[in-house]
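Model the full structure from these sequences, guided by the hints.
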Amino acid sequence: MAESTWLKSRVRIVGGSLLAGVAIGVVGLLGGLLHYELQTVTTKLFAVGALVFGFGLLGWSGSVLLGRSIETVHRHLDRESDWTEASSRRAMARVAGFGGGIMGAVTVVGQAIESLI
Amino acid sequence: MASKWFVVKRLLLLIPVLIGISTVVFAILHLGGNDPAAVMAGQGASQEQIETIRTELGFDDPIWVQYTRFLSDVSQFDFGESYVLKPGQPVWDSILVDKLPVTIELAIYGQLFGVLLGVPLGVLSAIKQNSLTDHITRIGALAGISVPIFWSGPLLIILFANILGMLPASSRIDTQYFIEGPWVFMGNELPLTGLMTIDTLLLGNIDAFFSAVEHLLLPAAVMGIYSMALISRMMRSSMLEVVRQDYIRTARAKGQGQKITMLKHGLKNAFIPVITVIGIQFGTMLGGAVLTETVFGFSGLGVILVNAIQAGDYPVVQAAVLVFAMLFTLVNLTVDITYSYLDPRIQQ
Amino acid sequence: MSTQTQQRRRRRGIRGFIHRLRHSRFLSNLAANRLAMIGLLIITLMVVIALYARIFIGGVGPIEGYYGEIMGSNLSGNAEMAKAQPSMKYPFGLDGQARSIFPRVLFGSWLALKWGTVTVAVSTVLGVSFGVIAAYYSDLVDNVVMRTMDVLLAFPSLLLALALVSILGTGLQNAVVALILVYTPRFARVVRGAALAVLEDEYIDATIAIGAKDFRVLARHVVPNCLAPVTVQSTLNFGLAIIDLAALSFLGFGAKEGAPSWGMMLSAGVENGLHSAWWWPFFPGLALALTVLGFNLLGDGMRDALDPRMRDAID
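Residue numbers (our numbering), protein chains in the order written: chain A, 1333 to 1449; chain B, 187 to 534; chain C, 83 to 397.
Treat the hints with care, since some could be wrong.
Said to hold, decoys possible - From the structure, some residues in chain B lie toward chain A, with a derived Cβ separation under 10 Å: (1) LEU217; (2) TYR253; (3) ILE461.
Said to hold, decoys possible - Below, computed lysine to aspartate or glutamate pairings styled on EDC-like, alpha-carbon distance capped at 16 Å: (4) B/LYS454 with B/GLU427; (5) A/LYS1376 with B/ASP247; (6) A/LYS1376 with B/ASP279; (7) A/LYS1376 with B/ASP221.
Keep in mind the hints are simulated off the structure, nothing from the lab.
Bear in mind the structure is a predicted one, so any value in this text is a computation, not a measurement.
Glycine included, C-beta positions come from ideal geometry on N, C-alpha and C.
Encoded structure:
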């Protein structure tokens, strides 16, 4: 029971942005094909997705790792901050999901197109 | 007390940090305009040569294949071979391994400088709040942030090395000393650490040790100035907060002298948040290492990173960035664990 | 009732900002801060020098300067003579190419202030946009935009700039673009905080209720109220931007070889003149440090004047 809510809340956070990433990935891939070769499009688009995914993953783990330190430092040196570990972690999970969506979409659709040609 | 599970959980965080940073580096390499195959072939290479190299290195494969291959290589600490700086040589064994201790040693002593000066300055500032001392400390901190490393470094060299002749200006130790492993401990031969100040002691060469310390003084001071400024500010704020708390008032009411009270009860509690600053600004410290190594002619990770970016030697860039990230992560893990050890309330 | 509302309305927007600035204690607080005034003096001096250098040395303007002399090598014959020490004729001495360092340092102030202004101005505009949008369209957008900025902020600026330069390629313009990206999050954060405070004001709700467009609300009411903290932030970051730009040039990623920028001069001085010609790295660095100190002193004073509580964080 507790397990399933734990899972559900996480799926809800990442799921939406993952789907958005997939959509952007597919649209970007098809749109890019109008002007460039398949390999150029997949390389650049996948790299963009990887950049977003890597950044999100880095931000997520960084938030967990540095969360307490940052909150302490903000309390002392920067009083206007409302930074919290939890919100940062969630936002970064979304970012990573979005990037991962792009990467996944490019891989699957790219492979499909390749096998068609 | 830090529980074992807590430490393990923190250590597991290393994995997403490393995957994240390698993925970002991978993306950067593929987004940049340069063709690695062309870089590797060198100037004046023919189109066919470039194509051969491209096929050889697998740059022709679909990008998702390259990505999975890249991740699996990195997870085995295989950073590939250098393109330009030492063509064909393994990046880790022949380039990075002996640069790493140079940077680590610089960072340790720079941090030490920052803590040893920053903490007392912050305490002094807090005890004599709004006095002349307080103001001078504040201005000093501001000046410390204003002076760039690549000017304070040359200034100190000109003053202490050229004019006064007191301290050496470059390299890690006097040339007369020959530091070579292995060292023997209880009958076992062990490799050296690469940290000059440790190795000289391990080998029992005191003169060489002092020479190494002399060589480290100026670069450590230059690197530690920023950290000193930040730590003194944090220490001041933290000390002032602790002093306001009740138990200090009680102690004061019992008739102890004000300054002694502040020192006795305040210091330990005030120091806890200061530790977190050390972790967070360690990244800036590593950025400073790039400049410090350039000024003092140390051949460390920072210099290698700059050279590799300029030459387009991507495997080296990637490995150097990963090592930087790992250092930063490990330092912050240590800070986090120390923190929960000092302040057990914080553990959930 | 209605006159009261009008009174309040009159004090919104840019005019309201100026009105409040004149009636707040900000300016008098600032003027009473001696260090801040020293900072302002240094900055003024540097601006005058920069304009002088641009007009009389820069050459590419109404007045023919001797730009050529500070750019190319004047080396002929004796290499030792080429780095003569400071004298009446050459106040800051000669560098290894027999160029007088003095006019080069003067011209360097023009380059530093020009590119510093570009960096700070563009990142301010970007930061204000992101910050205001994040504050206004709260929840998801706010969260994702701001937390992304926060993560970017956690990276050391020089290392992040190096990473960006390795994507964009080297060169002064790319270095400036990289720094703009590095500095934008700092402004976004400050602006978002200020904008959130304004948006909590019931007056804004009323404006929206009577049908004002989003853009109008943001431009007329929210942005002007963020100007004070943004100005402080710009001043504080101006110095840092100049340092980082010089650092990129120093490492070989910014200005071209031989360009009269402080970072490049320092790089050449450290490489070639550290032990034989102290004046070579000394004077460009002095100008750089002084300029940065000026901005930091003024910025720090402005922050204190804006919010005196910040100064004694606890009291």
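Hints versus structure:
Against a cut-off of 10 Å between C-beta atoms, the interface hint on B/LEU217 holds, since the closest Cβ of chain A lies about 5 Å away. Checking B/TYR253 against chain A by beta carbon gives a least distance of about 7 Å; that is within 10 Å, so the hint holds. Look at B/ILE461: its Cβ gets to within about 8 Å of chain A, closer than 10 Å, so that hint holds up. Restraint check: the Cα-Cα separation between B/LYS454 and B/GLU427 comes to about 13 Å, which is no more than 16 Å; the hinted pair holds.
Under the criterion of a C-alpha separation no larger than 16 Å, the hint pairing A/LYS1376 with B/ASP247 is consistent with the structure, at around 14 Å. Proposed proximity of A/LYS1376 and B/ASP279 is contradicted: the alpha carbons are some 32 Å apart, above 16 Å. Distance check on the hinted pair: A/LYS1376 and B/ASP221 sit about 13 Å apart at the alpha-carbon level, within 16 Å; holds.
When held up to the earlier numbered hints, the structure conflicts with hint 6 and nothing else.
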